[in-house]
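Asker: With these hints in hand, go ahead and build the complete structure from the sequences.
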Amino acid sequence: MTIEDLRTIAENERQAQKKFQHHVCVCIAAGCLSSGADQVRDAIKKEVAEAGMAGEVLVKGVGCMGLCSAGPLVSVETEDQLFANVTPEDASELVRSIDTGTADLKHCDTAVPFFERQQKIVLENSGKIDPERIEDYISNDGYRALVTAITEMTPPEIVALMVKSGLRGRGGAGYPTGLKWSTVSKTGEQAKYVICNADEGDPGAFMDRAVLESDPHRVLEGMAIAAYAVGAQNGFIYVRAEYPLAVKHLKTAIKQAERLGLLGNNICNSRFSFHVDIRLGAGAFVCGEETALIASIEGQRGAPRPRPPYPAQEGLWNCPTLINNVETFANVAPIVRNGAAWFAAIGTEKSKGTKVFALAGRVANTGLIEVPMGITLREIIHEIGGGIPDGKQYKAVQTGGPSGGCIPEQHLDSPVDYESLARIGSIMGSGGMIVMDETSCMVDVAKYFMEFCASESCGKCVPCRTGTRQMLAILEKITAGEATAADLALLEELCDLVKNTSLCGLGQSAPNPVVTTLKYFHDEYDRHISGEGCPICKEHAASSAEVSQ
Amino acid sequence: MQTYLGPVQPPTDDKRWKIVEATARRHGREPHALIETLHTVQECFGYLDETALRFVASLLCVPLGRVYGVATFYHFFTLKPKGKHTCVVCTGTACYIKGAQALLSAIEKTYGIKPGETTADGELSLLTARCLGSCGLAPAAVVDGAVVGRIGAPALLARIGKGIRP
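The listed protein sequences derive, respectively, from chains A and B. All residue numbers for the first sequence refer to this note's numbering, where the first residue is 1 and numbers rise by one. All residue numbers for the second sequence refer to this note's numbering, where the first residue is 1001 and numbers rise by one.
No wet-lab data here; the hints were simulated from the structure. Treat the hints loosely; a few may be bogus.
Stated by the list, open to error - Below are the DMTMM-like pairs computed for lysine to aspartate or glutamate, each with C-alpha atoms no more than 20 Å apart in a straight line:
id, chain 1, residue 1, chain 2, residue 2
1, B, LYS1098, A, GLU539
2, B, LYS1109, A, ASP80
3, B, LYS1098, A, GLU438
4, B, LYS1114, A, ASP390
5, B, LYS1082, B, GLU1030
6, A, LYS128, A, ASP80
7, B, LYS1098, A, ASP390
8, A, LYS251, B, GLU1043
9, A, LYS248, B, GLU1043
Answerer: Right under this line is the structure:
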C-alpha cells in the first residue's frame, strides 16, 4: 500500500458515491438503534426500491449524529436536512420528499447552538461515513496519516510531534500523551504492546462507544501510528462486552484493514508489522484502571497493582506497554495529518484540542457533543444543552462519573479544562456529564455513587474495600434520617482516609462525589440530620409508593 | 510457551462444547484465554455451571480455583441459569436521576424478585445494568433483548406482563 494506492481507493469511492444524486444517512448507533433505527433504515431502503430510485438514492447506515434525544435521526445530505424521531411509517413521506424537497416530517433545525457551537475532530466522520466500509473512511482522508507516517517519518519524529501537539490522555487523568509515548519508545528493542482502553465503565458515559461504533478505523489508525512510533508489534483493544455493536464494527474494521495491508505484516512494504486483537471485558469497573486492565487481558481477576513500575516500563506480560484511551487514539491521525501547531492552536494553554462529552440527565438536548477545551460549563449546559426542561431550576452537574464531583451554579462559569475542573473538586474524567435539577437530592446522589464504588471495589486494598462500605453505611443512615453530627464528622474523616491511602484510582477518587456535595450542598446534609427531613426524598418515596399500588 | 497439552474429553457430547474448545484452541490453550473462553461458554449455554468451569479448567490447564475466582469476580458472568424472560433495568446515573429506582421497586412489588433474582417458576429474571449507554432515552430498560426507553413503571410492567402472568 502506497499513498497513491490510497488515493486511487478514495477516488474510486468518491466516484461511486457521486453516481447517487441523493444520500440518505440513517443513524444506527446504539442510541438511535434502541428507538428502532434499523427498522427505519430497512423501510427507507424498501421505499426507495419500490419508487424505482435505487439508482439515484444511496441509503446508508452511519454512526452517531449526536442528538440522541431526538432519535432516530435521518439526514438527507444533498438537501442538508435533518429529520428527528423518524418512524418506519415515515419512510414513504421521506422518500417522496427527496423529489419535492419538502417533507411533512419533524425537522431538526441544524442552525442551533447544539450543532453550531461544536468543533469536531474526533467525531468528524461520525454520522457521515458507513462505519462498516473501509473505503468510505479512506475517501475521507482515512489511513493517509498512517501511510505518511510509515513512509515519510521516523518514529522519533512522530513522538516529537505528539509532544509538540500538547495532547493529553482523554481517559480522565490527563497525562501528556507524547511523554507516555516517549517513555515506551525509549525502552529499547524488545516485545512491546499497544493497548486501547475501551472499558468505558462510568455510568452515564458513552463517548468511546460512539467513537468505536461510528468510526472504528480512526482508532485502529491511531493505534497503528502509536505502535510504529514506540516500536510495538502487537496491540489489544479491551472493550466492554456490553457494547456488542462496537465489538462487531471493530472486528469488521480489523479484517478490512488487514485485507488492504494496513494492519498485519510489513505494512506499506516496510519492516513494520502490527497485529491487533480484541479482548472483551466482563463487567468490572476497576478494569478501566490500567494495571487492572492488563491483569484482565492476562486472563486474571482485574485487580490493580502498585505503580511504579508503570506499564510503560513493565506492562502486559512484563513488556513495555502503551495504554491510551479510545478518544486519545482517535486524535492521533488528525494531528499527524494537520500538524502539531494546528492542534495546539485549539483549546487552552494547558489543555489542547477538543473533548467529547456525553450530555445526559435533566437537560433538554441529551446526546454526544464535541467542544473545544476552555468552553464554560454554562455554555455547554444552557446553550448547547438547551437548558433545563419543564421550567425547573438547575442544581448541579456531575462530571467524571463516580470519580468526579458535583458542580453547583456558582462555578458554572469556570472553563472546562483539566486544571480548572480539579480546582473546583471535580475531574475532567472520561467525559460523562449528568445534569441535575431541583428534583434530585444531592445526598441521595452521593449515596448512589458510593453504592457504585462499594460494589465495584475489587477488594484488594483495605481502605477501598471497607472504607467505601463504611461511607455507604453512613450515607444510608443519613438518608434514613437516623444520623447525627458525629456521623457527618466521621464521614469527612473517612473521605480523607480513603482518598489518601487507597491503592488505585478507584479508591482514591471514590470520595469525590461525597466531598463535593459536602462542600457545596452542606445544607442538604443538615436537613437530613436535623429531623425535619428532606422534602425531595419524601416526595420520591411517596411517588414510588403510588406507582406500586 | 507451553508444552503440548493433551486432548480433554468434553463433559457431554453436546455440540456446543466444540465451540468452547475452538475458542481455547484459537488462543493456543494458554491460561490468558480464560476470560475469552468463559465468554464463549456463557454465549453458548447462557450461564456457567460447575461442569463448565471444570471443563474450562482442564482445557486451559489452570486451577479450578482460579477459574471460579475469575467467573465470580466479573459481573458479566452468571453462575445461575436465567429465567425464560429477562428484564434488565439500567441503573446508570442518567436513568437513576430520572427514576430507575421506581422501575425496580415496581417489579419487586409485582413479582417479588430483587435485582439478580429469578421468579420461583423460572419465568422472569430481573437484572440491572451499570449503564446501557442509552442515556438520551433515560430511564431505559431491556425487555427480552429489546431496548425500551423513556419508560414509566406502569408501562414497563405492562410490557413485561405481555409475556408472563404475575
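Asker: Compare the structure with each hint and give your call.
Answerer: Consistency of the hints with the structure:
Under the criterion of a C-alpha separation no larger than 20 Å, the hint pairing LYS1098 of chain B with GLU539 of chain A is consistent with the structure, at around 14 Å. For the hint pairing LYS1109 of chain B with ASP80 of chain A, the CA-to-CA distance comes to about 50 Å; that exceeds 20 Å, so the pair is violated. This hinted pair checks out: LYS1098 of chain B and GLU438 of chain A have alpha carbons roughly 12 Å apart, not beyond 20 Å. Taking the CA atoms of LYS1114 of chain B and ASP390 of chain A, the gap is near 33 Å; set against the 20 Å cutoff, the hint is violated.
Restraint check for LYS1082 of chain B and GLU1030 of chain B: not satisfied, since their Cα atoms lie roughly 30 Å apart, outside the 20 Å limit. Pair hint LYS128 of chain A plus ASP80 of chain A holds up; C-alpha atoms about 12 Å apart against a cutoff of 20 Å. Proposed proximity of LYS1098 of chain B and ASP390 of chain A is supported: the alpha carbons are some 13 Å apart, at most 20 Å. This hinted pair checks out: LYS251 of chain A and GLU1043 of chain B have alpha carbons roughly 17 Å apart, not beyond 20 Å.
For the given pair, LYS248 of chain A sits about 15 Å from GLU1043 of chain B by alpha-carbon distance, which is consistent with the 20 Å threshold.
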